[in-house]
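Use the sequences and the hints to build the structure in full.
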Amino acid sequence: MKSYTVGLLCLVFLAGSCTNKSDTSQPKKVAVIVSTLNNPWFVVLAETAAAQAKALGYETKIFDSQNNTALENDHFENAIVSGFNAILLNPTDSDGSIVNAMKAKDAGIPVFCMDREVNSPQAATCQILSDNYSGCVAIGKYFVQTLRSKAKDAPIKYVEILGLVGDNNTWNRSKGFHSVVDRYPNFKMVAQQSADFDRNKAMEVLESILQAQPDINAVFCGNDAMAMGAYQALVAAGKAKDVGVFGFDGADDVMNSIRDGKIKATGLQSPQTMAKTAAQYADEYFKGKRDFAKKVPVAVELVEQGNIKDYVAIKKP
Amino acid sequence: MPKNTLKYAILLVLLGVVAYNSVYFKKLDEVNATSGANAGSKFDAAAYANTFWTTKLLPAGASSATELSTLISSLKTDREKAFDTYSHALGIGNIRYFLVKGEGQITAIGDNDVTVALPDGESVNLATEYIFGNAARDASGLIKITEFDNTMDLNNVSTELNTIIRNKVIPLFKASTKTGSTVKFVGVIELNKAHLRLENLEVILISVELGAGSKGQGEKSLTSRIQSKHYAPGTRPYILC
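Quick mapping for you: the protein sequence lines, in order, are chains A and B.
Once you know that position 182 of the first sequence is 182 in my numbering, the rest is easy, because the numbers rise by one and skip nothing.
Once you know that position 77 of the second sequence is 77 in my numbering, the rest is easy, because the numbers rise by one and skip nothing.
Note that these hints are calculated values from the structure, not bench results.
Among these hints, one or two may not hold up.
In silico lysine-lysine, BS3-like type, Cα no more than 30 Å apart, as pairs [to be verified]: (1) B:K144 x A:K287; (2) B:K174 x A:K105; (3) B:K174 x A:K188.
Computed from a predicted structure; not experimentally measured.
Given below as structure tokens:
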């Protein structure tokens, strides 16, 4: 009789130990895995995502992948083992991060990508991405409108400075821009070179290009850091007033330069919108929603010298 | 010695066979075509855009476009409500699109647009040069983002719709437009919800009918193929473009 009682108690104990703690009193946990925290743009992205998830009642933790897919892999393993219920991911590499996202998926954890995509629609529950292509269509249109206004069919020479060549965003921006500009045969791209999204590299690249092509009319850069570098190179060459510089991101220094009449235009991205939406989608997932669009574009706004005054009060947190 | 040579020769042939069967060379385009997200089903954006134009956008323009004067008035009085009621967009953010219609008198013809004065005193620009962006794709709200896994397919749909407008709507409109003539139009506009600007509104045309005073009024050659409206003989008030 005594042995039956002990056996029954053991069963009750085992049954109790099998319940999922996260399903009871403890709040669900949301991991924010970000490619790097060395760049303020990604700090805003990660902190906004974590803050929004926290505001929705979830426990959050930010993991910094330091632009290293191996470290990102460690973070995924940690997140899975530690019982995180959702992952808000800013991928380090659009191909290299697929295996990490798939690992979470196999463990039943939804992954919501922010800003950067993974090249597999199956790997993530939803990818919330800046509409780089459309943003650069708007920039391309403004580029043509402003340069063409001087003389409709006069030859226009321009330079394109690309970001990281392995990054999808680089090519989506370039394709969007060229989908407009290439329709105008008098616009001639005299040089196209990568500067890895880096300000100093962009300055060096343009300095070098200016030696071979001193009479360019404009420079289109794949991000704002490179636009600032290009502008510096033009100042050093005494051509800042003659050559229009166009960027992409909506970084504070470029917004101020547009205000000062130095940079012509940029595409304003919204890391806050992407981060908040990702956290919101995780919340909806926990509440049972499953029919997410595979990719959700987030609008990029053209900011130029004509509408910059609308954006004076806009500050990134 | 010949025995060794034979042995080496056989070994060499075996190695050759193994090496030949171990390595395959394929064109990267072929590999991409048979693997990845779009394996086996290349999206035909031009066909999709043509079908959407004919079966959805033109009928929606005829039946559910918002009167431009009503929209402008609504945006001035309650922006939030006007955006919620009339705008659409496939993505999220401040950029939203509206399917609109209007009627007015042409007051100026520029290189890039035609200015039209609406009866209530507002004026809008009908774009004739810069036909770009997602307005034609998004404004009707009839395309669902869940239909697409690949954003480049969505971008290509916009490009193809803009090509249709550029090739089918604009040339006839430009050829017959004249300052002082009246015009009826259905089009799409893009507005920024957070930073709304109602001056210099730019309309991308979906369909247009030119009325009194236009260059080609009454000429059969200007009758367009793009709008399916039919009028009884002698009752057509406008030339379709």
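A quick look at each hint next to the structure:
Proposed proximity of K144 (chain B) and K287 (chain A) is supported: the alpha carbons are some 23 Å apart, at most 30 Å. Distance hint between K174 (chain B) and K105 (chain A) is unfulfilled; the C-alpha atoms sit about 55 Å from each other, more than 30 Å. Proposed proximity of K174 (chain B) and K188 (chain A) is supported: the alpha carbons are some 27 Å apart, at most 30 Å.
The earlier numbered hint that this structure contradicts is number 2, and it is the only one.
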